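Protein chains in written order, with my numbering: chain V, 1 to 284; chain A, 285 to 568; chain S, 569 to 852; chain B, 853 to 1136; chain W, 1137 to 1420; chain F, 1421 to 1704.
Calculated directly from the structure, the hints in this document are not laboratory data. It should be emphasised that the depicted structure is a prediction, and the values quoted were computed from it without experimental measurement. Any given hint could turn out to be false.
Below, a list of computed lysine-lysine pairs in the DSSO-like style, where the Cα atoms sit at most 30 Å apart [as the list claims (entries may be wrong)]: (1) V:Lys236 <-> S:Lys584; (2) B:Lys868 <-> S:Lys584; (3) F:Lys1436 <-> B:Lys868; (4) W:Lys1152 <-> B:Lys868; (5) A:Lys562 <-> V:Lys16; (6) V:Lys37 <-> A:Lys562; (7) B:Lys868 <-> V:Lys16; (8) F:Lys1656 <-> W:Lys1250; (9) A:Lys520 <-> V:Lys114; (10) A:Lys398 <-> A:Lys562; (11) F:Lys1656 <-> A:Lys520; (12) V:Lys16 <-> W:Lys1152; (13) S:Lys584 <-> A:Lys300; (14) B:Lys973 <-> B:Lys1088; (15) S:Lys733 <-> B:Lys1017; (16) S:Lys846 <-> B:Lys1017; (17) A:Lys398 <-> V:Lys278; (18) F:Lys1436 <-> W:Lys1152.
6 protein chains.
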Amino acid sequence: MGAGFSVEERLREFLKDDIGWGDITSEALIDDGQMAKGRLYFREDGVAAGLDEVATIFRILGCEVNAIMRDGSSVSRDQTLMEINGPAKALLAGERTALNILGRMAGIATTVSKIAAQVSKVNQSTKVAATRKTLPGFGELDKKAVVLGGGDTHRFRLDDCVLIKDNHLALLPSITEAVRAARSAVSFTKKIEVEIESLEGAVEAAEAGADIIMFDNMPPGEIRGCLARLSELGLKEGRVYEASGGITPENVGEYAASGMDVISMGSLTHSVRALDVKLEIEMV
Amino acid sequence: MGAGFSVEERLREFLKDDIGWGDITSEALIDDGQMAKGRLYFREDGVAAGLDEVATIFRILGCEVNAIMRDGSSVSRDQTLMEINGPAKALLAGERTALNILGRMAGIATTVSKIAAQVSKVNQSTKVAATRKTLPGFGELDKKAVVLGGGDTHRFRLDDCVLIKDNHLALLPSITEAVRAARSAVSFTKKIEVEIESLEGAVEAAEAGADIIMFDNMPPGEIRGCLARLSELGLKEGRVYEASGGITPENVGEYAASGMDVISMGSLTHSVRALDVKLEIEMV
Amino acid sequence: MGAGFSVEERLREFLKDDIGWGDITSEALIDDGQMAKGRLYFREDGVAAGLDEVATIFRILGCEVNAIMRDGSSVSRDQTLMEINGPAKALLAGERTALNILGRMAGIATTVSKIAAQVSKVNQSTKVAATRKTLPGFGELDKKAVVLGGGDTHRFRLDDCVLIKDNHLALLPSITEAVRAARSAVSFTKKIEVEIESLEGAVEAAEAGADIIMFDNMPPGEIRGCLARLSELGLKEGRVYEASGGITPENVGEYAASGMDVISMGSLTHSVRALDVKLEIEMV
Amino acid sequence: MGAGFSVEERLREFLKDDIGWGDITSEALIDDGQMAKGRLYFREDGVAAGLDEVATIFRILGCEVNAIMRDGSSVSRDQTLMEINGPAKALLAGERTALNILGRMAGIATTVSKIAAQVSKVNQSTKVAATRKTLPGFGELDKKAVVLGGGDTHRFRLDDCVLIKDNHLALLPSITEAVRAARSAVSFTKKIEVEIESLEGAVEAAEAGADIIMFDNMPPGEIRGCLARLSELGLKEGRVYEASGGITPENVGEYAASGMDVISMGSLTHSVRALDVKLEIEMV
Amino acid sequence: MGAGFSVEERLREFLKDDIGWGDITSEALIDDGQMAKGRLYFREDGVAAGLDEVATIFRILGCEVNAIMRDGSSVSRDQTLMEINGPAKALLAGERTALNILGRMAGIATTVSKIAAQVSKVNQSTKVAATRKTLPGFGELDKKAVVLGGGDTHRFRLDDCVLIKDNHLALLPSITEAVRAARSAVSFTKKIEVEIESLEGAVEAAEAGADIIMFDNMPPGEIRGCLARLSELGLKEGRVYEASGGITPENVGEYAASGMDVISMGSLTHSVRALDVKLEIEMV
Amino acid sequence: MGAGFSVEERLREFLKDDIGWGDITSEALIDDGQMAKGRLYFREDGVAAGLDEVATIFRILGCEVNAIMRDGSSVSRDQTLMEINGPAKALLAGERTALNILGRMAGIATTVSKIAAQVSKVNQSTKVAATRKTLPGFGELDKKAVVLGGGDTHRFRLDDCVLIKDNHLALLPSITEAVRAARSAVSFTKKIEVEIESLEGAVEAAEAGADIIMFDNMPPGEIRGCLARLSELGLKEGRVYEASGGITPENVGEYAASGMDVISMGSLTHSVRALDVKLEIEMV
C-alpha cells in the first residue's frame, strides 16, 4: 500500500493546507542558510507507522532523512526513529504535518497490535480487521497503519468486495436470491459477503454460496452455536467467518474463542488516540 | 468557515475515495428506480457538527435533504437530525462517508462543549482552544467542529499568526530581539505570540510587546504567579494569555482558575472519539 | 459503475482538452441565441454504451437531453438513441467528444456482446471477461462498456484481487508457498488467482486453495484434460477457471466448450473498432 | 509535442488509476529489496511510439531506464527497445500501464506509417492526417503517435484552426459570407478551412479566400475534376486541399492520385489495433 | 472564448484563494439569513469586460444575477452593469475577487478599444493585437478582454501558430530553410509567421511562403518601404503584415498609416491599468 | 512566502497554459541536442522580484540555473541577474512565462520600493502596504513582490484578519457592538481592524478595543486631527493606524507626514506596469 509517488501528492496537499502562504514565524526569524537536525521519537512505547510518510514530507521540503527504524517495528519510548537534516525552516515547516500523520498512524498501529496480541493468545488463526470507518481523505493511510499493526484492512472501497446488508436484503425475496443476483452481476474476481443476524440467515447464506459470512452484533455464545450447526450441516468449510458490531478490547477475547476467522472493529480507525510523538530540533 | 462551494470539492474527493468505480453491491441488487428515505440521529447525546457536510454529500448524490437540527445544537440520543430522500443507491453510496465525517465532527464538538462547560463554571471569560494538531486534509472541518462546540480555532495555518517557540528563540539573542524581528518582518495585520517557560520569559515577552503569551507546560500555580507579577509590573493589560501542554479534562479547571484567557488542548483534535451516529434507511 | 458525479469531472476534463480556449469557428459564425436540436444514432447495428456519458456532456454544456434508448440495449442502424436540445454552439462544442466516447464504448459493448453470444451458444455458464489492457485514463469507461455488452470486468486495478503470475512464482519456492504467502498478507476480502501453464501447476494451485485458476496460453484440449484430472482428484469444485492468452473470435467457442467459467480477451479493450455513430444537428 | 513535465502528470494519473491503493500481489510476495530487469520489445514489426512515455513511467516508479531505440524508428520483431532496471515491485506495478500506452501509440504509428508509405508511392507531396476522433484524455498522445508514424496531426483542438462545416453554413447566407465572418472574428494567426461537397462550393470557398478546402465524402474522380476546374479559374494556388470521409487503406491510393495535399482518416485514431508489445521481466 | 464550464473551475480556484477557510469578518457579524443587493458600475467610462465572470462568481456563491449590460459594450460612468441579489455574506465574500477580475478585464478592453479607435481613424483595415505577454494563469481572460475591446488575440499558446524568431534563425542556414522546415514539420492547419528585421528578410520570408511577416522594432517609414518593395516584386499579396516592438499609443497611428494589417503591443496585457469598478452593497 | 514546493505546482500550470501541446516552432526547427545559454537582465533599473520563480521554471524544464542576483536586490539596467544553461528548446519554451512573471513581480517591487523610499523620507516608521486588490490566481506572488519591494502584505485572505467595513456596520447598532461581536466570534489569534470615516468613528473604535483603525478616504489633515484627539483621550497607544483610499504617489508623502503607521494602496497590485525584462539566448 501507499506506493510512494501516489501518496506523495496527498502529502503535498497536506503540507500546503498547513503552511498556506508561508510559515511567517520562521521566515521572519530564521536565515535561509540556518541548518538544523531533528531526532524523531515516541514518548511512549508503540508500533511505528507513518515513518515512510514523514520521510517523504521532509524530502519534499528539501531535507535529508536517515531512517533508523522501519514502519511496523515495535519501538520503545525515546528510541530514535529517524534523523532529519536540512534547513531549519524546512524542519519547522514540516514538523506539525509530519507529527500529525505519525501520531495517528502509530496510534492506530499500536492499538491494532495490542488487540491482535490479545486475540492471538486465544486463537492464533483469528485476524483483527478494520472497517470502512476510516477518516475521509485519510483512508489509505488508516488502512496502511492497520496492516503495520498486524491487522487486516477489510474492504478498501465499495468497489472491491460485495457486502450484502439488511438494507439490501429488505429489497430481495431472500438471502439466496441476493447472493445469486450478486454472483451474476459482479465480476468473478470479487468475493461476496453477507451480513446475517441469526442461525437461519447463516445457513441460508452458506447454502447460497457466500464467500464470507458476517455475524452482526451477535454474542459470542450464539456465534459459537451457529458455527457448530454449520459444521453439522457440512456447510462450514470453504468460507470465512467474521464477527462485527459491539466488539471492544474487553470482549474481543471471547469472540476469538468463538472460532471466528476475523473480528472487525470500527473503533480501530474512527476513534483513534494519537501516539505521543516528538521531533526534537537542534540548530547546527 | 466552510464556505459551501469550497468544502464541496473536498467532499466529492472523499466520496470518490470510498466509492471507487462503483458500489458494486448496490449496483448488483438494487434497481435505479428504487427510492429510499433515511433518518439521521445520534445514538448518544451530543453536539451536532457536520450536518452541513452530510447534507452536501447527499445533495451531490442527488438526494433531497430536510435539515431538522442545525450544527452547533445540543442534541439528544435518538433525536432526528435530518431526513434524506432519494434513490436507495445514493443513500447507500453516501452513508459511510457521511457518517464518518459526522461522527468525527460531532465527537469533537461534543468534547469541546463539555470541556468548555467545565471551564466556564470556573472562569466565564476563559476560552478553550484547539491547536494545529488536526488531521491532515481534514483541518478545516476539525476547526469548524471546535467552533461548533464553543471553542476557539487557534491558528488556521502557519501563515496567519506568528508563534515564536523555543526552536526560534535558540537562534536569536533574546525574546526581545525575536519579537522585534517578527514585528518588523511580518504584516501589521498579524498577531505575535511567544511561548515562554518561566516568569522571566513572560516579563520579557510582555515588555517586548507580544500580543499573546503562551505558558507552555507550566503548572497552574506557577502561571498564577506569573500573571500576578505581570500585573504588578503593569504589563498584564492588553495581552492575551494562553496555557498549553499537559492539560487534561481533569486539570483543565485549575488552569481556568489560574486566570488564563485561553486554554489550548491538542487532544481535542488529535485523539477524537467519534460520536455514535446512525443513518436508518428505509426503502419506499 | 460510473457514479455520475465522479465520471462527470473526467468528462469535463475531456471537454476542456478538446475545446481549449473556445470553439473559434462557432464563436465566429453562430449567435449565442441560435438554438439547435440533435438526433443521435448509430450508422450500423450495435449495443448502446456511453449514452449516460453523452447525456452528461451535453448537460454540462447547458443542453436538455431526452434519452430514448438505454445503455445496454441492442440498437438498430438509424434508430434514434437520444434527442438533444440547446444552443447550437453547445451542440457543436460537445459533438466530437461525445461521439468519441460513444463510438468507443459502443464499439466495445457490441464486440463483447457478439462474442458472449457465440460463447453462450456453446456453454451457457461461461463468461467473457476483459483484462487490464484498457486505455489509460479511460479504464472505468472501458470496463463499463464491457459490462453493458454482457461481459465481466475482471480486476479493476492491481488492488482488488491477487493474481500470481510467473514473475512472482520465479521468486518463491512453489505455487503452494505463493498462495500461502498471499493468503496471509492480503485481506480476507480479496480473492487469489494463480496463472498456471501445466496440469501440475493447476493441481498444486487447487490444493493450495487458490480461488481462481487461470490457464495461460493453453490449447482447449489441454485445458479440458486439466479439468478432468482436477475433477478426478476432487479438487475441481469451489474454484473458478479462467482461460486467457491467444483467444480470438475464431477459437473462443472451443474454449467455451472446454468447460471454462471465464474466457478473458485483452483485445476487447486494447484493439477497439469504434462503432459508427452520428449526431445529426438541425438549427431551430 | 508532449513536453515531458506536462505529460508526466497525466502519466501519474494513469498509474494511480491502475494501481489504486497498491499492487497487493507484489506486496504480498516480493521483498522491497528484490531487484529486476526488464527488456521491452515488440512481438511484431512496427514503428516505435510511446517509448518516452514508458521511460517516464518507470522513472516515476524509481527505475533506471536505458533507452535503446528512439520513438519514430522502424523496429523489428523481438528487437530490444529499452532496458529497465529497478525494484521488482516497480517493474510489475508499471508494466501494464506502460504496455497499454505503448501498444496503442505504436499501433497508431505503425498504421499511419504504412498508409503514408502507400500514399507516398502514388504522390510524394500528399500528407496523411488524423482527425479530432482521438480518445478523450489521450488526444495529445494519439496525435504524437500520428506524427511519429509520419502523419499530420490536423487540428489539436477546436481553438487552433477554423473549420466551417455544413452545420455552420446552414446558418449563413453563403460560403462567402461565412469565410468573411470568420476572417473578421478570428485572429489573423488562425487558418480558415471550409468543408465543401460540390464543385460550386469549392469555387466559392476559394474565391472567398479559404486557406484550406476539404472535400467531404467525394469520390476521387470528382475531386480531380474540382481541382482541374479551380486550376482553370486560377483559384487553385495558395490553398491546401484535403480529402476526408470514407477513406480506407484500400482506396487511399486513389485519393492520393487525385492530387490531394492531405488525406485525413478518423480510423487512424478511433479504431486502433494495439501493437503486440511485451516487457520481459527477470529477477536479479 | 471562455466556455462557461471551463472558466468556472478557475473562478472557483480564485475564490478559494481569496476566501481561505472563511470570511471571518462576515461570519462574525452577519446572520446567515441577512439578504443584500448589489449594484455594479464603473466609476469612469469604459468598455465592459468580465461581466460574465462576475456573474458566474456570484452564482457560484448562491446569488441571483440580473445582467443589464453585456460584455463588449461601451459603458458610462455610474451606469448600472449588473444587479446581484443574495445572502449578504455571499456578496461580501465574492466582492473583491469579482472586482479584481472586472477591473483588469475592463481595463484591458477599454485601452484596446481606445487604441483600436485611433488606428481605425488612420487605417480601417488595421487590427490591434495583443501578444503572449499575458498574466500567467489569467491568459484566457486577458485575451478575451482584448477581443471585447475590439482587438485580435494573436497566438493563444506556443502550439497554435509557428513564429520563427531570430533565436531560431540563428540555428538555420536561412529564412528560406527555416520556413521550409517548419512547413514540413508542422500541421497544414497552422500558419507560419516569420519575424524579420530588414527588407532582405522580408523578401526572403515572402518568397519562402511565410503566411505572416512581422516587422520587429522597425520604424514606420522603413516598414512602408518594405511593403512597397514587396509589392513591386509581386510578393505582397496573400500574406499578413504585422508590426511589433516599441509601439506606443503615441506612435501607433504612424504604424497604422504604414499599411500594416496588424499592430501588436505587449503593453495591452503586461501593463494594465485596472478600470475603477465598484460594487455598491445594500442590506435588504 | 512562496515555499518552493507549493508555488512550483502553480508554475507548472502556468507553463502548461502557455505551451499547450508543444512549442511547435522549436520542435520543427531545433534539434533535441541543441544547447543554449541565457542571460537574464532588466532593461531599466529596478528591484529584483520573481527570480526564484524564474529559476524554478527553468529547472522544471530541465535547465541549470546560476542565480547571480537575489530577489529583493536593487539592480541596474543590463546587470546580469541569472544565467541559464540547457536545451535550446527548454529555454525557448519557458522564456515567455518566465518573463511575464518576472516583469510583473519586478514591476510591483520596483514601484513599492520607490513609494516606500518617498514615505521613509517623511516618516521612517510608516509602512507602505498592498491591499487584496491582487490578481486572481497570482495573489501569493503579488504579495511576495510587495514584500521584496519593502512593503507590507496586508491581509492574505478573508480569513486572517477581521476588517469591519461600512457594509458590516450598517447591520449592527454601533462600532462598539461590532468590535465586541467580532472579538467574541473570532479566534484570539486574529486582529480586528475597523474602517472609519470620521473622528467619532475613530474614537469609538479605539474605545471598543480595535487593534487597527483604518481611515478610509480621509484627507491627511483630517487624519492628523483624529490622531491628535485620540492621543488627548489616551486612546492612541497600542493600536495601528492605517490610511487607505485615494492615495497616489503624489500625495503619499502628506499621508506619511500625518503620522500613519501604514499607508495602503490598491494600485500597487491592481495597476502594475511590468518592468522591461529580457532573456538573451545564445546557442552553444
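Inset, instruction - Would you check the hint for lysine 846 of chain S and lysine 1017 of chain B, treating anything up to 30 Å between C-alpha atoms as holding? - result: Holds, at roughly 15 Å.
Inset, instruction - For the pair we were handed, lysine 584 of chain S and lysine 300 of chain A, check the Cα-Cα distance against 30 Å. - result: Holds, at roughly 21 Å.
Legend entry - Distance restraint between lysine 236 of chain V and lysine 584 of chain S, which requires alpha-carbon spacing of 30 Å or less: Between lysine 236 of chain V and lysine 584 of chain S the Cα gap is close to 55 Å, so the pair fails against 30 Å, i.e. violated.
Legend entry - lysine 1436 of chain F paired with lysine 1152 of chain W [C-alpha distance capped at 30 Å]: Roughly 21 Å separates the two Cα atoms, so the pair holds.
Inset, instruction - Below or equal to 30 Å on CA atoms is what counts here, so check lysine 733 of chain S against lysine 1017 of chain B. - result: The hint is violated at about 52 Å.
Inset, instruction - Take the C-alpha atoms of lysine 1436 of chain F and lysine 868 of chain B, compute the straight-line distance between them, and say whether it is at most 30 Å. - result: Holds: lysine 1436 of chain F and lysine 868 of chain B sit about 21 Å apart, inside 30 Å.
Legend entry - lysine 37 of chain V paired with lysine 562 of chain A [C-alpha distance capped at 30 Å]: violated (47 Å)
Inset, instruction - Sort out whether lysine 1088 of chain B lies within 30 Å of lysine 973 of chain B, counting only the CA atoms. - result: Given that 30 Å is the threshold and the Cα spacing comes to 24 Å, the pair holds.
Inset, instruction - Assess, step by step, whether the Cα of lysine 520 of chain A is no farther than 30 Å from the Cα of lysine 114 of chain V, and give holds or violated. - result: The given pair, whose Cα atoms are some 49 Å apart, is violated under the 30 Å limit.
Inset, instruction - Given the hint that lysine 1656 of chain F pairs with lysine 520 of chain A, test it: the Cα-Cα distance must not exceed 30 Å. - result: holds (18 Å)
Inset, instruction - For the pair supplied as a hint, lysine 1656 of chain F and lysine 1250 of chain W, confirm whether the alpha-carbon distance does not exceed 30 Å. - result: At roughly 49 Å apart (the allowed maximum being 30 Å), lysine 1250 of chain W and lysine 1656 of chain F break the hint.
Legend entry - 30 Å Cα cutoff - pair lysine 16 of chain V, lysine 1152 of chain W: holds (13 Å)
Of the hints listed earlier, those the structure fails to meet are numbers 1, 5, 6, 8, 9 and 15, in rising order.
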